[in-house]
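Asks: Fit chains B, C, D and E with the ligands to the given chain A structure using the hints.
Chains as they are written, first to last, in the numbering used here: chain A, 1 to 418; chain B, 419 to 836; chain C, 837 to 1186; chain D, 1187 to 1458; chain E, 1459 to 1730.
These are computed hints drawn from the structure, not numbers from a lab. Treat the hints with care, as some may be off.
As a list, the in silico DSS-like pairs of lysine-lysine whose alpha-carbon atoms are at most 27 Å apart [stated by the list, open to error]:
hint: 1; chain 1: C; residue 1: LYS1134; chain 2: C; residue 2: LYS1108
hint: 2; chain 1: D; residue 1: LYS1295; chain 2: A; residue 2: LYS214
hint: 3; chain 1: C; residue 1: LYS1049; chain 2: A; residue 2: LYS257
Just so you have them, the derived chain E footprint on chain B, three or more residues with Cβ under 8 Å [stated by the list, open to error]:
hint: 4; region: 688–700
hint: 5; region: 704–710
hint: 6; region: 716–728
Beta carbons are placed, not taken as given, at the ideal position from N, Cα and C, and that holds for glycine.
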Amino acid sequence: MTTTTTTTAGGVKVVKPTVASYINDYWARVRGGDLGTLPAILGLIVLSLIFGIARDTFFSGLNFANLFNQSAQVVFIAMGLIFVLLLGEIDLSAGFASGVCGAVVAILLTNHGWDWYTAIPVALVTGIVIGFVLGFLVAKLGIPSFVVTLAAFLAFQGVLLVLLGGGTNISTRNEFFNALNNNNLSVTWSWLLAILAVVGYAAVQFNQMRSRAKRGLVTDPLGIVLLRIGGLAVLLLVATAILCQERAINPAINSLKGVPIVVPIIGFFLVLWTFVLGRTSYGRHVYAVGGNTEAARRAGIPVDRIRISVFVIGSFMAAIGGIMAVSRASSVDPNTGGSNILLYSVGAAVIGGTSLFGGKGKVINAVIGGAVIAVIDNGMTLMGFNSGTKFIVTGLILLVAASVDALARRRAAATGNR
Amino acid sequence: MTTTTTTTAGGVKVVKPTVASYINDYWARVRGGDLGTLPAILGLIVLSLIFGIARDTFFSGLNFANLFNQSAQVVFIAMGLIFVLLLGEIDLSAGFASGVCGAVVAILLTNHGWDWYTAIPVALVTGIVIGFVLGFLVAKLGIPSFVVTLAAFLAFQGVLLVLLGGGTNISTRNEFFNALNNNNLSVTWSWLLAILAVVGYAAVQFNQMRSRAKRGLVTDPLGIVLLRIGGLAVLLLVATAILCQERAINPAINSLKGVPIVVPIIGFFLVLWTFVLGRTSYGRHVYAVGGNTEAARRAGIPVDRIRISVFVIGSFMAAIGGIMAVSRASSVDPNTGGSNILLYSVGAAVIGGTSLFGGKGKVINAVIGGAVIAVIDNGMTLMGFNSGTKFIVTGLILLVAASVDALARRRAAATGNR
Amino acid sequence: ACGGDDSGTPSGSGASGDNSAAGKVGIILPDTKSSQRWGTDDPKFLKAAFDAAGVQVEIQNAQGDKTQFQTIADGMISSGVSVLMIVNLDSGTGKAVLEKAKKAGIATIDYDRLTLSGGADYYVSFDNVKVGQLQGEGLVKCLEDKKYQKPVVAELNGSPTDNNATLFAQGYDSVLDPKYADGTFQKGPNQDVPDWDNAQAGTIFEQMLTSNKNIKGVLAANDGLGNAAISVLKKNKLNGQVPVTGQDATVQGLQNILAGDQCMTVYKAIKKEADAASELAIALAKKQKPTTATGTTKDPESGKDVPSVLLDPQSITKENVKDVIADGFVTKDAVCTADFAKACTEAGIS
Amino acid sequence: MAATPLLELSGINKGFGPVQVLHDVGLSVYPGEVTALVGDNGAGKSTLVKCISGIYQIDSGTVTFEGNQVAIHSPSDASGLGIEVVYQDLALCDNLDVVQNMFLGREKKRGIVLDEPTMEQMAGDALASLSVRTLKSLRQLVASLSGGQRQTVAIAKAVLWNSKIVILDEPTAALGVAQTAQVLELVRRLADNGLGVVLISHNMNDVFAVSDRIAALYLGRMAAQVKTTDVTHSQVVELITGGRSGNIGLPPEKPAADFGGDVVDITPGGDK
Amino acid sequence: MAATPLLELSGINKGFGPVQVLHDVGLSVYPGEVTALVGDNGAGKSTLVKCISGIYQIDSGTVTFEGNQVAIHSPSDASGLGIEVVYQDLALCDNLDVVQNMFLGREKKRGIVLDEPTMEQMAGDALASLSVRTLKSLRQLVASLSGGQRQTVAIAKAVLWNSKIVILDEPTAALGVAQTAQVLELVRRLADNGLGVVLISHNMNDVFAVSDRIAALYLGRMAAQVKTTDVTHSQVVELITGGRSGNIGLPPEKPAADFGGDVVDITPGGDK
Ligand SMILES: Nc1ncnc2c1ncn2[C@@H]1O[C@H](COP(=O)(O)OP(=O)(O)OP(=O)(O)O)[C@@H](O)[C@H]1O
Ligand SMILES: Nc1ncnc2c1ncn2[C@@H]1O[C@H](COP(=O)(O)OP(=O)(O)OP(=O)(O)O)[C@@H](O)[C@H]1O
Ligand SMILES: O[C@@H]1[C@@H](O)[C@H](O)OC[C@H]1O
Ligand SMILES: [Mg+2]
Ligand SMILES: [Mg+2]
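Isolated chain A (complex conformation) (with noise of 0.2 Å):
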């Protein structure tokens, strides 16, 4: 390896990488076990492909299309529950949770004639009280989130018939909401999203490398941050590209292109979350109270706000889940954000690299495990199995997805690393 020496302030010999000693240690560090989230990520492409052959219309841009909102609901609420899972709790209740906030939505919409402006916010403040409830029985009563949140999840439950006067539907009808999870950004609004989000990834890089050498700090080589900000150009513009194609099932009467609003929804939260985790003090004292709650609280971390916090994030995010869910159906009924929702979200975040014990994990981990959650469920429902065999092969097949990640892990165990 050719390496160039330069000083830090301290005092200390530091080896300033090249691209190649980077690539190498990036490698040594893939063998050695440390793989983040691409096993996750070849668990995806592995399934695409068996889909894909199994059945052509997979890879169609409709039905990439249709993934981002089947799987909006779910993604939203791992999110949030990522949140919750980095300090070792769980919420049970988010699935109902995002029910309850999704019927307010629906009523004030319908039968009280809100707007969407006045409606949504009402709902994302009920989701937050939510949260708040859940998070002071855990933190300040010291009850377990099991419990808590088990008995959330079926007074919840309770909570959403008495608000359907005991189970009727709800439809919604309001142009915008509806649109939400459903309509697409226009062709132009797409091409202009894809491109701010690319410059301003490159921007956000670069500074930070700028602000590194200031300090005469080591920083990655110029190269690596350029592959970085390709790849990532590379892959936002390729999807625009074919969100933006004609996918109409019947062109002549309508036209449908453009990229579904939801994504840059999903974005707008992922890279929110991902900059409160990563880069405030406030991300740092979620994954130390996940990590070592006594060092935390030793350290000063008022770990009961924390602990509300989280329930809070939680709470809101499955709002936000009930939303896109009605909105996608345009209707509420008693059971929105039951079944298999919350063990998806759940699992969504497990998927995606999470430790349930806490302290491990990233809200892009809801984003890839919900798309692999989204892409079984999908493409299950194209091959029209019946229930009995669906329901098995979905569950081999997550098993499959979630094997393809554990066998890549395993070399981590076996040289050490965790």
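Replies: Same frame as chain A, but now just chains B, C, D and E with the ligands:
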């Protein structure tokens, strides 16, 4: 305190406790927050009183007997889950595994005309095989148990549908089988078993005292041992007496008395697994792996084998739970083991005092926690609320039961005990 | 016998010796997810009927949980009901409950769903196969109106665990299968919706449409599933062009019909069903022999004839939405909101 | 020096359930001085430290800080007063890296954004001053550190801040020769800068090398608080192992009297 | 003494991902002797021990035990060979009590039932011999033990068994004066009974007091293996801190050459 000082072989001075000092110490421990199952029992009493006041039928002999049949499935599944939870793992598929095993037994009995003594073993073996597969995937492939059992949760739902030919239900008509979780022991047998249990317990206690005394180790004061035995005797004999009263609605048509058959079965497994966890090296190793896997591994404990074994026990007990569910309903359908069964079972374990993080829990937790859940369920149905309200109140009551526990334990944190 | 003169309130102690002799009636409903009726309509109409007769009633819902179902039955039996009326979650648990009740000397009624081999004393229901037939015929009519050539029909069946779903499918398949066979229609994708879950129904239908873009008609087993399909159609701007069926005459379903997005729904006059059932129960509670159960239903499993009251379901399209309102099942206010005022007038609802 | 104590404890009692660990303990910490807290294994030193830092709540007793009686209910109360502690059970977050651990709870920020470059630089400087030479990277997770490296991170973490009292619970236990020397030098330097320092150690050489006063705990009782210059090596060892030495220490009858009550019950309840 | 080594390592390499921790390490352990393994913090001592005991898999190198080449894949392989280890990170189960921890993996039984009285008695005896006086009860959870008490439990646990080699990684770090003396005496006694003992310590007095040979690790390389009688205190310190002393130790050019490759990259990737 007046204490007698004796000397052990190690040459270390020891203090032989008197009845008074023993009770003092116990009280200090309780005040210090070391509560064991006390809070859950307290919660149980509070709940019973509430329901008893609200509905007088709650305290009727008939309802008391019903409680056992109603809670059996959850209690059996929870007993098995305790082992899984002790390792910090989870088994989301336990509910549907019990359904699958229940379906196996029903199919063999009804469709193939087998008798119970051949059909039941096959169902139990099915449970064991399921557990082995789950455990193998978790221990050997290293897939997180949440994901493995989520996949199994889905797959078993499908298996159940396929076994039942797409949604029909199968009735069981085997007298003996249906009696398991519906009928009662004769009055004679009821008393016989109760007395046997008391005598057995006394024998074990005295034997233990003797073997410690022989080695010159400190023993519990005789008074305390007698108190324990007396306590159990009163509890068992009073319960037996109540259950041996006539409780038929219409005694003219048919008489209904005696201890439900399922009670000694629960008792048997409670004693068996308590013995295994507390008195065998296998049980010790389960706690060790759950408390500190790395320490266990360094101590030469075959961690993988232990991990597989707990899933085997978990699914085996789920099979028994499934058998009891099918017996009670005299039928199996695609939803046997579905609904809230799983959450209730995990909830029973957790409410009883088992930790989701491993290393802490006892089999009795499953029984006490299961009783809490069953009492809530039973009491709530006696109240006759409408759906929405019922869900909400059930959730709230669960929360109240858990708060009693949590508030009692708060002192623990305050005094630095865990 | 138990007609008009029972309508007074059960106030005075000796006012109606008749009533004080009447035992309590226990009713167990199945869930709140398969259809809104169990959470709203049935409890409402049943309660009203019993209140009117001054007979004590306890109505509970098992929330789709068969363990709960049995626990509720245990509780009702131990609290001393004299009549038990159930809508089973499945025949197995239903049967166990009915047998336990009979052992305790309690009269039993199957409400809406027949418990196979259950041996209930009476059965009150709509003809569920008939419901399916109406759905099938409705779809055929709508597709013929659209004049599609060999339209592809997708079927969104109810929950695989619900026996009624099986009966509905029997009904509509008996209409559609011949059409597939003779080539007038083309058989499209066909999937069950676990738990009647609307959200899953949405995804399932979206995938049906993705893999088979020619779908021209949707046999959805109830209004909730129908609405899920309609949402997806809307997203693809195909609503109105692809007829969708339903069941239960929910507000949502009726509105979808008025909007032209749904082809038809099946109205089961739940009030009539509830009234018929309560009439039976009230008589039994008073230890009288009911006279209204004039028909019989053959239990296909045990072969026994169960004395029955069977009501006719009614097919609802845009033309006769007003009948449902007139019947008092839904209110005009609920259906004819601002968005639908115009459509309501057009449909002759005033 | 040693006018009024910076921190003064008196009559501190602390028990866990039936086990009484601290009996009526008093301790004075003076600014500009190193107070060595010594005692046998299990004497109660770490428990006392955790009572001071708010990890445990005391059962009774008073804590006076800079002349005012204070109640310390949590570690943040303690650090609010200016008390920094290096715990024996180090309490680092294994899932965080070295820099993140060192600044935990007191992150440097620009606006709301963490200022990583600054923290990284400061952490590097602090560690370099403690003779850490084998650390591969400041961004290494502490889970992968050697025992001594962990200890150094914990020490560096505690002395990064402007505090009034620094308490170190066996800080050099895992350290190498050079690192130990550095830490002892650091301890002395802190005291010379006017801080009150409490050093817990089992190493008598270290104790005599840096401390101004010695406080000896014996079975949860404060046996003696003396000036280092007034006692000899062997006297201190006697205090540690027997609770008294000549005319200093606990009165001879005292330990015996209380002995029957709560000590050395090495096999009480047994297992039931 | 010292005919053939009981355990012989040669050419051991071990890395974690991109970090190479052990380079070509050799070590010989002789029966009846105490071999002191010394080295700076982070030198790789604990890593080496964990390679021997099967916690880590070595990347390359050979392990010879009693003349036969062996492959140790897990801790149970190691204990099967008769190798007992007291780890620096003690690895006790906090949820088990003292007796349970001491007999973990090797419980005494009567039939299939655990023989608690026997274990309790043996544990009491073993601890008493290590001067443990403050333990409140043998049935106390180890979570509630003091640092020194934990350490004693770990040591007692390892020496309860009939083994051929005992490796102790900084066993006295947390111990009091009396307890340290006991452990050193124990170490000597074990060797005198013919066992091979490896003692890791940063305390030169202890090393010189009990060891027969000294092996010094420097930055993951074995700098020297010498007889204790052949070197002085300060020579060993030089070996630890510089890798060489006079003509013993690593060749002078060796450390420099390899330096650029993988050492002291104290701020590499930074955070992304
Ligand atoms: N949570 C607890 N519950 C019960 N006993 C405890 C608890 N914490 C500590 N103890 C007991 O209190 C005594 C004092 O412990 P402490 O950790 O303060 O000792 P120490 O003086 O720091 O010893 P060392 O030098 O070994 O670190 C010990 O006997 C210990 O077993
Ligand atoms: N899992 C790991 N991943 C990466 N680096 C590691 C890992 N384990 C240890 N290291 C590094 O290997 C080096 C050697 O560690 P080791 O624990 O063997 O040191 P040691 O000689 O025992 O030090 P001490 O005297 O401080 O206990 C250290 O620099 C440490 O940071
Ligand atoms: O009315 C229907 C009911 O009969 C069936 O059982 O569940 C679905 C409902 O739509
Ligand atoms: Mg200590
Ligand atoms: Mg080490």
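Asks: Each hint: holds or not?
Replies: Each hint tested on the structure:
1. Proposed proximity of LYS1134(C) and LYS1108(C) is supported: the alpha carbons are some 22 Å apart, at most 27 Å.
2. Among the hinted pairs, LYS1295(D) with LYS214(A) is consistent with the structure: their alpha-carbon atoms are about 17 Å apart, no more than 27 Å.
3. As the CA atoms of LYS1049(C) and LYS257(A) are separated by approximately 17 Å, the hinted pair is consistent with the 27 Å bound.
4. Only when three residues or more bring their CB closer than 8 Å to a CB of chain E does the claim for the region 688–700 of chain B stand; here the count is 3, and the claim holds.
5. Residues of the region 704–710 of chain B with a Cβ under 8 Å from some Cβ of chain E number 5, which satisfies the need for three, so the listed coverage holds.
6. Coverage of the region 716–728 of chain B by chain E holds in this model, with 5 residues showing a Cβ closer than 8 Å to a Cβ of that chain against a need of three.
Violated hints: none; the structure is consistent with every hint.
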